[in-house]
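Chains as they are written, first to last, in the working numbering: chain E, 1 to 263; chain G, 1001 to 1292.
Hints listed in this document are in silico derivations from the structure and should not be mistaken for laboratory results.
No experiment lies behind these values; they were computed from the predicted model shown.
Watch out, some of these pointers could steer you wrong.
DSS-like mimics (lysine-lysine), calculated; alpha carbons at most 27 Å apart, straight line [as the list claims (entries may be wrong)]: (1) G:Lys1196 x E:Lys115; (2) E:Lys123 x G:Lys1196; (3) G:Lys1132 x E:Lys78; (4) G:Lys1132 x G:Lys1190; (5) E:Lys27 x G:Lys1190; (6) G:Lys1132 x G:Lys1196; (7) E:Lys78 x G:Lys1190.
Quick look at which bits of chain E chain G covers, simulated, 3 or more residues with Cβ under 8 Å [as the list claims (entries may be wrong)]: (8) 87-94; (9) 106-114.
Glycine is no exception: its CB is placed at the ideal position from the N, C-alpha and C atoms.
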Amino acid sequence: MLNDSAHKCGRVDIQIEQKLFAGSQSKLLALRNIILTIDPGEFVCVVGGSGCGKTTLLRIVAGLETDYEGVVSLDGRKVIRPGLDRGVVFQEHRLLSWLTVHDNVAFGLASLGSKDLPLPERKTKIRHYINLVGLNEFEYEYPHQLSGGMSQRVAIARALVGRPQVLLLDEPFASLDALTRMRMQQEILRIWEAERTTVVLVTHDIEEAVYLADRVVVMSSQPGTITRILPIHLPRPRDRTDGEFIQARRLVHDEFFAPAPQS
Amino acid sequence: MSVAEQNQKLNWKKLVSIRTPMASTTKPNSAAVNPKNNSARRMQIPDRLLGWIIPLTVLILWEILARAGMLPPNWLPAPTVVGQTIYRMAAVGDLWRHIAITLSRVAAGFLLGATVGTLLGGLTGYAPLARKLLDPLLQSLRSVPSIAWVPLFLLWLGIEESSKITLIAVGAFFPVYLNLSVAIRHIDPKLLEVGKLYRLSSFQMVRRLILPAVLPEYIVGLRSGLGLAWMFVVAAELLGASSGLGYLMVDGQMTGRPAIILASVILFAGLGKTTDWMTSAVGRRLLGHRAR
């Protein structure tokens, strides 16, 4: 019932000429010449150092940044503001401390009235996503009772409950400890396989990108631009200690630390 | 600890356990098995009881000294006399009238002040333009000692109820206004972004994000506003009233009856504490299971 994949698409076309941030005196060129097309159901990781504009890029796709030159569209529709067709997970979980896990997930459906979504259906959806992230036993707990990894799972469920075509993750595991992070990386792959949404994940962790992505987009800073797009053809589940994995990681690594080509 | 000392403690414990058989049956092992642990427990008087020791001692001393005639009754009557005064006034029915009028002044003034405080606090917190226009003015008005308004209010509104209620409202206004305004301004913009992300309307934004986010600070504001309302009702009634607990105090002073003054002080304290407790109970209910 919930796997009605018919409506699911999620092709993202990004054509950003430039994005400027107005400073107090000068203007900062945050992004320049970003051209990227993400296929429906694809898992793309954007890797870059801090300040390369990768988060800005994600916020533009999310519709949170609208002041830029260029066009971003989702399935042919121009992105002009946030919408339920895109789910967003931030580095911080950003859960509401006064709501239970259930109600935090329900918050993802807050803008839908009872006409758009009848109550029983709403409940089924919320339960489904709480189950999907493996928190069914914690449905009525409050955020302060959860660990960092669990909170981030709730944030993922909240992002998914509106059935988005695209899931946007901004360094979602950066503030978790190493072991939890690896478990969450497996989890996000499992969720992606269950949901078949397009996923764009921004990270500064090369290994994370190579472990997760179909394609790794390498960005350099000042101005933030794409230096290379590397497809990762390794079958999943990927073995981090495997020779081919390490080779792919080295490739990204070299790209990362190579001088940026003049564009 | 020497063996003799331990034995002494054990004996003491035995004595206690004989005198309180209930305790010894519910905790059969506590007395004998672990004397060290037990001596620690013996020393432990609940903090709440600790706070009573000094006031009770003072009260008893006061009573003794007053009865011994060492305190002049027209200066400091015995606690029991104060208690009798309260009882007598209550029996006659006069007291209820005074309490009712004081309570109604506090209620009216607090409601007025808190309502205006909520409206202006919400407005200045939410709209930067309103803040820039209003906040400097309100902040400078805040630095006027509130009693300084009394002559003006008396001139404008007369000696009747409205001047008193206005004064109380001024007192209750500022904490409510300040707490709410600052709390709204300090809401984490990252949370507001979550609301934006899920396409909340302005109304939903207020109801589902802003209100719950500022509720703890708002309740603190209401509580201090209520406290100030009680402070100001005393001032208002001292400065010119023909009824109310504050009037009773003036009356007691004029007619040289300190028991009535003390009785009023006690009633003010009791009523103020009760209303504060009620607000905090409501607040705790509203805040529910929050971590804060």
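Hint by hint, here is what the structure shows:
no. : hint                  : verdict
1   : G:Lys1196 x E:Lys115  : holds, 21 Å
2   : E:Lys123 x G:Lys1196  : holds, 23 Å
3   : G:Lys1132 x E:Lys78   : violated, 37 Å
4   : G:Lys1132 x G:Lys1190 : holds, 23 Å
5   : E:Lys27 x G:Lys1190   : holds, 24 Å
6   : G:Lys1132 x G:Lys1196 : holds, 25 Å
7   : E:Lys78 x G:Lys1190   : holds, 25 Å
8   : 87-94                 : holds (count 4)
9   : 106-114               : holds (count 5)
Checked against the numbered hints above, the structure violates only hint 3.
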